[in-house]
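Visitor: These protein sequences, in sequence, are chains E and P. The numbering of the first sequence is the working numbering, which starts it at 7 and goes up by one. The numbering of the second sequence is the working numbering, which starts it at 100 and goes up by one.
The reader is advised that the hints may include incorrect statements.
Said to hold, decoys possible - When the alpha-carbon atoms are kept at most 35 Å apart in a straight line, the in silico DSBU-like pairs for lysine-lysine are as follows:
no., chain 1, residue 1, chain 2, residue 2
1, P, Lys402, E, Lys8
2, E, Lys112, P, Lys242
3, E, Lys8, E, Lys270
Said to hold, decoys possible - Sample of chain E residues with no beta-carbon within 10 Å of chain P, all distances over it, derived:
no., residue
4, Val29
5, Val52
6, Ile213
In short, the hints are calculated from the structure, not lab data. Backbone N, C-alpha and C fix where the C-beta goes; we use that ideal spot for every residue, glycine too.
Given next are the chains, with one letter for each unit.
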Amino acid sequence: MKYVAEYRDPAWARRLSEEVARVVTRPWTLMEVCGGQTHSIVKHGVDAMLPTGIELIHGPGCPVCVTPVGLIDAALHIAAMPGVMFCSFGDMLRVPGTRGDLLSAKAAGAEVRIVYSPLDAVQLASRHPERQVVFFGVGFETTAPATALAVAQAASRGLTNFSLLVSHVRVPPAMEALLSTPGCRVQGFLAAGHVCAVMGTAEYESIAARHRVPIVVTGFEPVDLLRGVLCCVRQLESGRHEVENEYPRAVRDGGNEPAQGWMKEVFRVVSREWRGMGILPGSGLGLAEPYARFDALLRFGIRSEGASPETECSSGLILQGRLRPPECPAFGTRCTPEHPLGATMVSSEGACAAYHRYRRPKGRT
Amino acid sequence: MNEVLEMQCPVPIREYPQVLMAHGGGGRLMHALVERMFGVAFANPILDRRHDAAVLPASSHRLAFTTDSYVVRPLFFPGGDLGSLAIHGTVNDLVMSGARPQYLSAGFILEEGLPMEVLWRVVLSMRHAAAQSGVMIVTGDTKVVDAGAGDGLFINTTGLGLIEHSLTIDPRSVAVGDAVLISGDVGRHGMAVMAMREGLEFESAIESDSASVAEPVLAMVRAGMELHCLRDLTRGGLTASLNEIAEASSMSIRITEEAVPVRGDVSAACEILGLDVLQVACEGRFVAFVPEAEAERALAILKAHPVSAGAVRIGTVESKDGAEVVAQGVLGRDRVLPMPSGEQLPRIC
């Protein structure tokens with residue numbers, strides 16, 4: 007597969023890892039922001055190719071994982087209402103709320119559908135005028151433009167039976183929050199390549215400058231990741247802290263302007279709760295005033311509970327890179343993909359799911 | 100095949116374009132359906148006796164006996180349909196013990212309102228698949244459920260096969276050093292059905308691998324090959340099948356991920372949807388565990404049959420402890436392939 011297979015080339019990967027070993031003179035701690043990168047690292051063993059002292063810690067870049075329990079509960083509440091067709095990406099269906107998940111709501115009779123694009127939900131709304139079609143808009147800046155387009159399309163078609171449960175989040179405020187946490191160990195970031203493909207790199211300049219951390223836009227294949235690490239380590243070793251793009255085949259500095267245009271049209275920046283990290287200012291997207299009528303919480307008169315209840319799940323620490331999945335006492339025993347305590351064990355981008363899938367310790371199921 | 104496709108749709112369709120409750124009611128309509136559709140399409144000397152039970156000749160051979168129910172949606176997908184699937188699936192289960200498939204039963208659960216023409220197409224497809232697999236459909240059953248109480252059409256098939264060899268083809272026969280062979284590329288059935296069901300449009304349609312694997316397996320048996328274990332890949336894909344065998348045999352299995360054949364379009368579709376191709380369903384693929392010394396000969400036999408022309412070796416049975424499946428990845432690093440935890444859900448981004 008072009009643009010993928012060549013970036014899994016073992017010889018190229020080995021050369022890069024040797025280069026990192028040549029450049030490095032002391033330990034560095036880097037965070038890969040995106041859960042897709044975490045999965046690739048754990049699957050391919052990229053971390054094991056790095057010299058001792060280079061530590062990769064896993065960041066909060068899993069949109070499913072950071073969705074607060076209160077919003078999942080709101081989703082379950084809406085999905086169970088008569089006449090509602092609740093549409094979501096597949097990832098969300100197994101994420102536990104306070105009581106059950108969307109798959110169990112479906113089993114109990116709710117109409118819950120997996121869609122592959124927010125536009126599919128708009129289509130469903132056109133075809134089923136008798137139903138209230140609700141789309142669970144989850145994701146970072148990567149998926150927000152498609153959701154924005156769906157809302158704009160629903161507006162232009164004059165649909166009154168389409169609404170959006172918004173849980174879109176923005177990456178830079180989360181990076182900012184991590185860096186401002188006392189005891190933060192992150193010395194350099196591998197920024198999420200696909201988020202940057204949409205947003206470009208400008209947002210990261212001030213973070214890099216203020217916190218004096220290198221931020222390297224990085225892709226998802228082993229070679230991409232090693233290029234990101236090498237670039238980051240080179241900066242650290244030479245005392246630089248710049249934004250650099252090591253994923254140029256997907257990311258332009260300015261990002262995807264039309265996509266940004268749709269986001270600006272439909273959304274406004276709001277504060278949002280991240281699971282395990284609390285309410286982060288400016289970290290979410292909500293519907294802009296002209297589109298507020300598509301807000302599912304307003305339409306169904308639901309309040310999303312703010313405070314997430316205490317559970318045994320340590321996903322808050324996992325998402326901040328303060329705990330590694332195998333260090334969690336519940337990992338692989340009381341928390342498994344079949345019986346997850348939290349979203350990090352469910353999502354295809356969750357760090358716990360990555361370790362469980364690829365690094366399951368012997369004797370644990 | 101052409102002769103079959105051209106078989107004119109019998110009376111029930113012309114008179115009743117859709118299935119009615121009465122088609123399962125035991126009266127004239129049901130009789131017409133059984134006689135003029137199933138009876139015509141599946142005709143053979145045993146079925147033609149129209150007994151309550153099929154009377155089969157006894158044999159001194161061991162028997163293989165299996166059952167499976169088929170509930171795929173959509174009913175028709177590129178490369179197959181519910182009818183061919185219901186034959187291939189049960190035939191392949193029989194073949195996995197090295198049995199020669201002989202007799203099938205066919206139980207139909209029809210949903211009221213199912214277009215008769217759809218049923219006819221499925222029945223013709225079963226007839227064709229049965230003939231190709233060398234099996235007779237010797238008994239059956241029809242039930243009709245209220246509209247809304249089914250998903251169009253469910254089929255159950257039960258199969259009997261003769262074991263005409265003395266091997267114990269079973270996970271317990273798996274031995275350290277066995278070569279692990281796969282009969283062809285993986286993931287096509289699962290992606291074909293998913294693309295069709297979800298309306299995903301890829302550049303070209305991915306067609307299911309649904310097929311009977313009786314011929315290559317029986318050819319290996321006839322060649323006197325020392326087959327230790329066979330397992331077809333169905334739900335949960337290669338990962339599930341290998342884990343089942345590792346667990347049942349208490350052996351560890353090591354495969355080389357790159358050796359597993361995957362078509363480019365299937366791999367791209369899985370990449371887009373965030374699915375692990377090693378966990379995607381197949382319906383015409385199996386793994387074979389044979390002694391190292393037999394590996395080359397087994398591959399030669401497999402490759403001589405179109406359904407397994409893409410056979411390759413993917414791994415080796417390693418040690419007696421652990422009972423794990425380990426895959427060596429593209430970068431040469433090992434990772435455990437645990438038993439899939441359930442249905443794979445497509446990801447967000």
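Visitor: Taking each numbered hint in turn, which are not upheld by the structure, reported in ascending numerical order?
Guide: 5
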